Every structure is written in structure tokens, then in C-alpha cells.
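Participant: Which chain is which? The protein sequence lines are S and U, in order.
Sequential numbering from 1 applies to the first sequence in our numbering.
Sequential numbering from 1 applies to the second sequence in our numbering.
Keep in mind that the hints were calculated from the coordinates and are not lab data.
Owing to the predicted nature of the structure, the values given are computational and were not obtained by experimental measurement.
Each residue gets a CB set at the ideal place from its N, CA and C atoms; glycine is no exception.
Mixed in with the good hints there might be a few duds.
No more than 27 Å apart at the CA atoms, straight line, and that leaves these computed lysine-lysine pairs for BS3-like [what the hints assert, rightly or not]: (1) S:K91 x S:K81; (2) S:K268 x U:K153; (3) S:K329 x U:K20; (4) U:K153 x S:K319; (5) U:K175 x S:K228; (6) S:K268 x S:K228; (7) S:K118 x S:K90; (8) S:K268 x U:K128; (9) U:K139 x U:K153; (10) S:K208 x S:K228; (11) U:K139 x S:K268; (12) U:K153 x U:K128; (13) S:K118 x S:K81; (14) S:K118 x S:K152; (15) S:K329 x S:K389; (16) S:K319 x S:K152; (17) S:K117 x S:K152; (18) S:K268 x U:K175; (19) S:K389 x S:K208; (20) S:K81 x S:K110; (21) S:K228 x S:K400; (22) S:K400 x S:K334; (23) S:K90 x S:K152; (24) S:K232 x U:K139; (25) S:K334 x S:K389; (26) U:K139 x S:K228; (27) S:K110 x S:K152; (28) S:K118 x S:K91; (29) S:K389 x S:K400; (30) U:K20 x U:K153; (31) U:K20 x S:K319; (32) S:K208 x S:K90; (33) U:K139 x S:K319.
Just some of the chain U residues that point at chain S, by a computed CB distance under 10 Å [said to hold, decoys possible]: (34) T12; (35) V68; (36) V114; (37) A131; (38) P137.
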Amino acid sequence: MSNYMQQFFDPQTVAVIGATDRRGSVGRGLMENLLENSDRRIIPVNPNHDEVLNVTAYPDVASIPEEVDLAVIAIPQQLVKSAIEDCAGKKVKGVIIISAGFGETGPEGKEQEQEIKKILDDNNIPFIGPNCLGILRPATGLNASFAPGSAKPGGIAFISQSGAFLDSIIDGNQQENYGFSFLVSPGNAAGLQLSDYINWAEQDAETKVIALYIEGLENGREFYETIKSTTKPVAVLKPGKSETARKAISSHTGSLAGQAPVFSAVLKQAGAIEAHSIQELLDISKALSWQPRFDDGIAIITNGGGAGVLATDYLETAKLPELRPETLKQMTDKMHPGYSAANPLDIVGDALPERYQAALEAVLGQDDIQAVVVIQTLQIMTDPQENAKIILQAAERFRKPVVACFMGAGPSTQEAVSLLERGGIPNYSDPARAAGALLALRRG
Amino acid sequence: MLKFSMSLLPYTESRLLLEKYDLPIVATRVVENQQELEEALVELGFPLVMKIDSEEVVHKTEQGGVRVGIGDRQEAEEVFQELSELHPRVLLQQQIEGEEIIIGGKRDEVFGPVVMAGLGGVLVEVYKDVAFRLAPPEKEQARQMLEELRGKKLLQGYRGRRPVNQDALAELIVKTGELLHQETRIQELDFNPVIAAEELLICDVKIMVSQENLNE
């Protein structure tokens, strides 16, 4: 695999064209985000300032004495072309064009976009954008974006056609433990395309799962071929169900084949997973980045009957194997006389950690059960942290995917949840979310 | 891009395309006069379906251009007179019974040729029980499409009805996909219904082609 994109993920030297001290500006946001990692050389470029945020500034890229790996451009649209020419002269290795006002505005902007594209292509300089948020690579501490803060490192490659959407995820991922290998918004994708990012994620050692937010595609077949050939799991969220433009089509097939069902079918055909909300996309990506996939066969262990029944409903499309007599025999002396010896396995509200342990070990030992969801409702005698430890041990020993559903969000639960998630067991506060994660892990 | 006008391919041309891709069509004759009608009646027997073969009328049923259950010669002659007033070319087909299936497809702006399969025949618009794949799908994908249908039990021989040969149906979906993939002038097509009698037979064909490409 070629390294033509490497400079976007771990550049040594980054020039910020349009860097400024002015509060509330993109140029300042970029500088602040980039300066968070002090190992990297960040060079502000601005003809009107000698320094920006106490870093020596240069009037243009040509004046920078050292080599530049990555140039990030955030200046008014009419100045972009000349900055690009400077970058080409300087032989920078990659360019991110944050500036908007190009192809998205109409034919004139499109023409200007083509002009800058030609300069960069002629000089073999790959570029992101224009009209994009930038890129984040948490593992190398790179935040070449104007997102409101940084993201946690992890295995999710998040490629979003909405930049603003990325911002919200970065802001929201502080409570939920979503970790990212990189986040990028392709913007107008005049240079690097969706397929470039997907192919990069495929060969990227940090990436375990590829999460896509897609609003539109220019070349559907290429997209299909790309995700079909990807060995890593791909999860996709696609908005836009209305299809007014197709109403004129007269036959039955035409009127039924609105884009949404076709898109869903394409995802199935390519072996990708479709999510229906932002939360679901991230929930299933978290599970896929931490846990192995399995074919089918799920057991539900719960200390609350209601939660178990709900999970059963949500897992309707999966196989829930019967628990065998020898499986039940292994656990029965630890159980409450009123426990329900079935799948879902209700170990009753007063379950102490030893009951969870007996249930988990017996159930995971049954060969047609390939994955388990462990539900914990909080009673006065429940010991979330001990339960978390037991789950981690059992998952480690049996090497089968396990998903937790510790309900409630009090301090004792929170601590158990972070214990679980540090060990790679994803936790979801609602059985619906836990079931969704398991169904995504299932190859089906 | 899809703004050019489309027209319905006449039966004889549709038939040639179907034969090229080994797609089975119910016994059909095109009739334009009394003598041809007589010959067709001898060949096909009864009961019969009669319908007009127009390039313009997409939904023939709503236009009164389709008559079913024609049981004898006298009825056939009367219906022929009536249909001839709507359109000079009339199709005669053997009427067969069985599960009604739709196989269709279109050229999607984003994804190119897409094939569709579903249940319900003329009621497809009501139930909307259909599945899609990029064309041509692999046979396993065609089987998956049938698995996705809510009414898939109807294919398995529900309440003593004849089960549908799902292997043959999947094969038909694959071949339809190949036709859509190869014949780039086709914008949309409907085989509706495909009836699962002793064998699967296409009983009605609508192939929409773009005018622009036709003139090439």
C-alpha cells in the first residue's frame, strides 16, 4: 500500500495558512488544536503578523526556511489559489483546504475548484477538501481541524461527509467511550475521495472498524466495490429518504426503488452494516472495534426479568439457543430456586457476583453459544465492580464476544463501566443498544 | 441525466431480448387481424389472457387494456374487437395459475443497474414487499433477496399451495440482472407477474428504453 496519505496522519511540520490570534476565527482554532501536541512543529503563515499565539509567523509559505509536510489553508476563497501555488513551489507533501466557497456554491466555484485541483494534481500533491473540517489522528496527537477539542484514541475510523457532524461527535465522545483511529471530513472531495480514506483505513494498523456518514455518492459502483473488498467491518449511516425527483418514473419498479432501499441493499450486498442513528453508528462501531465477530448463537444473562425480555425482543432475528441440561447442571447449585433455567437466563434480582460467575462460565462453555449479553439492573446487594471483573475474566478465558448492559448511571455503575470498557467490553445503558451492538458483531 | 423520454419496447422486441437471456415467457401470440386470431386460438387453447401491445400505455390494467379468463372462441372474438379499438396489436397468452411474483429493475443514477424481486403481482404497490441488489447479483445474493421478503412463506407452499422453485427463481433474478447489466439502453423493466406454475413463466413484460439510445 502506498504511503501517499501518510503526511495527513503524522506530519512533522505543519504550516497553517491563515493562522491568527483573533478569537472565534478558524485560523486560531486550528492553531490551538495543532499546538496541543508540542512534539510537532507548527508554523503560522500570515503576512500581517510577526507571531501568532507566541509562535513566529511567516508572511507566506515560500519564506518558511524548513521543509513543510502538511499545509492547512483557512483563508478567504479568493486567496486560496495563490496560496496553493506557493505550496506547489514549496513542494509541500499534502494540503488541507478548509476554506469554503468552491464547488458547493455553483458553477463558478466549481471552476475555481478545478483550477486549484489542477495545480495540486500537476504537482502530485494529495489534498483534502476544499470546504472541510480537517483531520484528527488521536494516536499521533494530530488535530488539524477546527473541531471543539480532541478525540480519544481508539479503533474507529470515522469518515463523515458532514464536518459539523464530526464536531458534535468529538464533543459528545467525552462521556461515551468512543475511541478513534482518525476522523476526517472529505468536504467537496475534489482531491482525496471517500474510497481513498476507506482504502487508507483498510491498511491502517490503528483502524479496527470503518464508520461512514454518507449524504451522497458520485460513483455508487466504486463505493460498492471498495467496501466489498474491505476486510475490516464497515458501518454506515445514510440520511435522506425522500425521493421526490423520481416520482415521474412511471413503472412499478421505478416508484418503489427510491434511493434509500437501493442503498440499504447495496450495503447488504457488500457485507456492510447499516445504522439508523448517530448513536447506533457509534455504538456498533465501538463493539466492532473491541470485540471479535461471530456467526450466530446468543445467550442473555440478566438479573432482571423485564430487561431480559426486552433484550429477547431486540434479538429476535438472531438464534437464542436453548440451554442444555449439562449447562444448567453446572450452575444450578449457585442459583436461586426461582431462577429461570432458560435463554434468557434470569438469575434473579438478588444475584451476587458468584451467581453471575457460575452463569457466565456455564453458558460460555456451551458450544452453540457464541456470544453473550450480560444485563445488570442495580439492586441494593448488586456489586457492579465485582461483576465487571467476573465478566472480563470470563471473556478472556472463553474468547467469545461479550457485551454488557449495566443499567443505571450512578457512581458505582460508572466505575464498573469504565473497568469493563478499559478491558474492551463495551457497555450500553439500554438493552436495545446492547442488542444492536451484538447484531452488528454477528455475521448473520 | 434521466430526463430523456422513455418508451415501452413492443412485445416482439422484448421477446427477442428475453430469449437472448434465456428468460422463459408464457405462450404468447401477437394478433393484428381475424386470421391471426383464429390461428392463435388453435395454438393456445383456453383459458386466455388478452391485452393490448402499446408503446405508450404503461399500466395496461387501468386502461381496460387487459382481459383475463377468456374461456371460448366467441368471447375471444368479442374481446379482440374491443381491444382493437384501443390498439391495433393485441397479445394472446395462455392463462396460468400460481404464486404471483414480480421481478424488475432499473438503472439507478448512483448505482447503475439494480434488480428487484418481490411478491404480490398486481398488488405489489400495496404490499411493497420487495428486495433489491446491484445487477447482476451472484446467485447467493438472489437467494438472500427471497429470504428478505416478509411474505417468503408464500414461496414455501403456504397452506397446501404449490411451493415455488426458489432455485429457479433465484436463477431468473440473476439472468434478469445480467440483461439489465448488458443492455444499457434499458432504463427500467418489470416482469409482472412472473407466475410460478409447473415452471416459472413471465406473463407480462414492460421494458422501458431511452429514446435517445434507441436512435443510435
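Participant: None of the hints should be skipped; say for each whether it holds.
Facilitator: Evaluated hints:
For the proposed pair K91 (chain S) and K81 (chain S), the alpha carbon gap of about 15 Å is at most 27 Å, so the pair holds. For the hint linking K268 (chain S) to K153 (chain U), the alpha-carbon distance of about 22 Å falls within 27 Å, and the restraint holds. With a C-alpha separation of about 64 Å, the suggested pairing of K329 (chain S) with K20 (chain U) is violated against the 27 Å cut-off. Restraint check for K153 (chain U) and K319 (chain S): satisfied, since their Cα atoms lie roughly 19 Å apart, inside the 27 Å limit.
Pair hint K175 (chain U) plus K228 (chain S) holds up; C-alpha atoms about 22 Å apart against a cutoff of 27 Å. Proximity of K268 (chain S) to K228 (chain S) is assessed by CA-CA distance (about 10 Å); at most 27 Å being required, the pair is judged to hold. Distance restraint check for K118 (chain S) and K90 (chain S): the Cα-Cα separation of roughly 16 Å lies within the 27 Å cut-off, and the hinted pair is therefore satisfied. Distance check on the hinted pair: K268 (chain S) and K128 (chain U) sit about 19 Å apart at the alpha-carbon level, within 27 Å; holds.
Annotation: proposed proximity of K139 (chain U) to K153 (chain U) holds, straight-line Cα distance about 20 Å (limit 27 Å). Distance hint between K208 (chain S) and K228 (chain S) is fulfilled; the C-alpha atoms sit about 16 Å from each other, no more than 27 Å. The hinted pair formed by K139 (chain U) and K268 (chain S) meets the criterion: a straight-line CA distance of about 14 Å does not exceed 27 Å. For the hint pairing K153 (chain U) with K128 (chain U), the CA-to-CA distance comes to about 16 Å; that is within 27 Å, so the pair holds.
Straight-line distance between C-alpha atoms of K118 (chain S) and K81 (chain S) comes to about 11 Å, which keeps the hinted pair within the 27 Å bound. Between K118 (chain S) and K152 (chain S), the direct Cα distance comes to roughly 36 Å. Violation of the 27 Å bound is thereby established for this hinted pair. Restraint check for K329 (chain S) and K389 (chain S): satisfied, since their Cα atoms lie roughly 24 Å apart, inside the 27 Å limit. A threshold of 27 Å between alpha carbons decides the hint, and for K319 (chain S) with K152 (chain S) the separation of about 35 Å lies outside it, so the pair is violated.
A distance of roughly 33 Å separates the Cα atoms of K117 (chain S) and K152 (chain S); the hinted pair therefore is violated under the 27 Å criterion. Taking the CA atoms of K268 (chain S) and K175 (chain U), the gap is about 20 Å. The hint holds against a cut of 27 Å. At most 27 Å may separate the alpha-carbon atoms for a hinted pair to count; K389 (chain S) and K208 (chain S) meet this at roughly 25 Å. Proximity of K81 (chain S) to K110 (chain S) is assessed by CA-CA distance (about 13 Å); at most 27 Å being required, the pair is judged to hold.
Simply put, K228 (chain S) and K400 (chain S) have alpha-carbon atoms about 26 Å apart, close enough for the 27 Å limit, and the pair holds. The suggested pairing of K400 (chain S) with K334 (chain S) holds, with an alpha-carbon distance near 23 Å, which does not exceed 27 Å. Restraint check for K90 (chain S) and K152 (chain S): not satisfied, since their Cα atoms lie roughly 33 Å apart, outside the 27 Å limit. As the CA atoms of K232 (chain S) and K139 (chain U) are separated by approximately 24 Å, the hinted pair is consistent with the 27 Å bound.
With a C-alpha separation of about 18 Å, the suggested pairing of K334 (chain S) with K389 (chain S) holds against the 27 Å cut-off. Taking the CA atoms of K139 (chain U) and K228 (chain S), the gap is near 16 Å; set against the 27 Å cutoff, the hint holds. Between K110 (chain S) and K152 (chain S) the CA atoms are separated by roughly 36 Å; this puts the pair beyond 27 Å, and the hint is violated. For the given pair, K118 (chain S) sits about 15 Å from K91 (chain S) by alpha-carbon distance, which is consistent with the 27 Å threshold.
A threshold of 27 Å between alpha carbons decides the hint, and for K389 (chain S) with K400 (chain S) the separation of about 16 Å falls inside it, so the pair holds. Taking the CA atoms of K20 (chain U) and K153 (chain U), the gap is about 32 Å. The hint is violated against a cut of 27 Å. This hinted pair does not check out: K20 (chain U) and K319 (chain S) have alpha carbons roughly 43 Å apart, beyond 27 Å. Between K208 (chain S) and K90 (chain S) the CA atoms are separated by roughly 36 Å; this puts the pair beyond 27 Å, and the hint is violated.
Restraint check: the Cα-Cα separation between K139 (chain U) and K319 (chain S) comes to about 25 Å, which is no more than 27 Å; the hinted pair holds. Checking T12 (chain U) against chain S by beta carbon gives a least distance of about 20 Å; that is not within 10 Å, so the hint is violated. This hint is violated: V68 (chain U) has a C-beta 18 Å from the nearest C-beta of chain S, more than the 10 Å allowed. Checking V114 (chain U) against chain S: minimum C-beta separation of about 5 Å stays under 10 Å; hint holds.
Annotation: interface hint on A131 (chain U) holds; nearest CB of chain S at approximately 7 Å, less than 10 Å. The interface hint given for P137 (chain U) is met, as the beta carbon of that residue sits about 7 Å from the closest beta carbon of chain S, less than 10 Å.
Consistency note: the structure conflicts with the earlier hints numbered 3, 14, 16, 17, 23, 27, 30, 31, 32, 34 and 35.
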